[in-house]
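**Q** What follows is the residue order along each chain.
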Amino acid sequence: MKVVIMGCGRVGAALATEFSREGNDVLVLDTDPAAFRFLPDDYAGETFVGSGIELATLRKIHLDTADAFVSATRGDNRNVMAAQIAKHIFGVPVVASRVFDPLREEMYRNLGLRTINPTRVQSKRLKRIIEAKSDEEANEIVRDFMKQDGV
Amino acid sequence: MTTQTAEARRGMYIIVVGGGKVGFHLAQELVEANHEVLVIEQDSVKAKEIADELGDIVMEGDGCEATVLDKAGTARADMLLAVTGDDEDNLVACQVAKQRFNVARTVARINNPANEEIFRKLEVDITVSATSAIMAHIEPELPTMQHLIVGMRLKGSGLEIVEIRVPEDSRVVGKRVREVLLPYQSMILLIVGDDAQPRTPTPDTVVRAGDEIIAVTLHESEEALREALMAPPVARSF
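Sequence order for the protein chains is X and G. Converting from the first sequence to my numbering requires adding 15 to each position, the first position being numbered 1. Converting from the second sequence to my numbering requires adding 1441 to each position, the first position being numbered 1.
For reference, chain X alone in the conformation it holds in the complex (with noise of 0.2 Å):
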């Protein structure tokens, strides 16, 4: 499978690291070169200094041959607006996106693109873990957490 990530921050570089290992062809998109400090030494994929949300930056990387293009970026409207370039221009097929803001998040879901909303996720498993009995008990939930995701 080829595999496009837009943004290499912790999260970008966890997921390129993770379906590079996996034996994926993997590109790594991001503005800034020294992003991709993120990602370890052994990484077998590519990287590429470019914005995607450029049409000439996605084909030179020809993202119409991707089968799956991902944008994890700090900014919600650069990841839609590059989500939307990937499945109606270039029409790959599986686009994920991460959103911040909760209510866009929902609206883009409904409007066909595959996000995930971390705010919302994030602040109930902070305030289980804040109401927890003890640290151990914290712990316990947060190890829990882990083990529903595989970690």
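Derived by calculation from the structure, the hints in this document are not laboratory data. We put the CB at the ideal spot given by N, CA and C, even for glycine.
Partial list, derived from the structure: chain G residues whose beta carbon lies under 7 Å from chain X:
1. E1529
2. V1533
3. L1563
No farther apart than 35 Å at their CA atoms in a straight line, the calculated lysine-lysine pairs in the DSBU-like style are these:
4. G:K1539 to G:K1487
5. G:K1512 to G:K1489
6. G:K1487 to G:K1562
7. X:K75 to G:K1562
8. X:K102 to G:K1512
9. G:K1512 to G:K1539
10. X:K142 to G:K1512
11. X:K162 to X:K148
12. X:K102 to G:K1462
13. X:K75 to G:K1539
14. G:K1562 to X:K17
Chain X is fixed; fit chain G onto it per the hints.
**A** Frame of chain X; chain G shown alone:
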């Protein structure tokens, strides 16, 4: 009847997202034209400047956020104009206005002209690009025109009339019209030589460097047509 006239006089409710230079002057014009205007601006200094000049028509906040647009009364807005300096913000403001608040008309300022196609596809009603507007005016006067100029779009068919100047190193220089390979649904309508004499092309007309070619083509074939008439000959190895 009377109420209708009164309503017409009151004008429309127009939301302007982005209080930079474009947003400020737009708001000023619209207020003068008796419309009800609200400018949404994130930067508190800019917001205050607008309020000082134009009065209490500014709201401080992010115009892409549904909660802010809700407070702004977007549901009753006739029009939303997104004119920030960032195309992604303008796109999202228009999409939120349309999807969540059913605003009938959304207009986006486009900073990167390459984004026009994207916005059109994503159903922003009107796009305005200063770059494209200026280029359209100056292009015919540029001596080193490297691409084709769209003169006119034919409604419905997707066809457009374009203008190309044949460069000296083009692959079609010295060729007859019938030898020129054109993309699908493209046709040469007119050739104007250095002498400013228009010639209706026949299959035997020879294309010369510096000729202006007026052609009809599909929007999607623009690039292929440019290549066919302007690119240098393909290098061949024997």
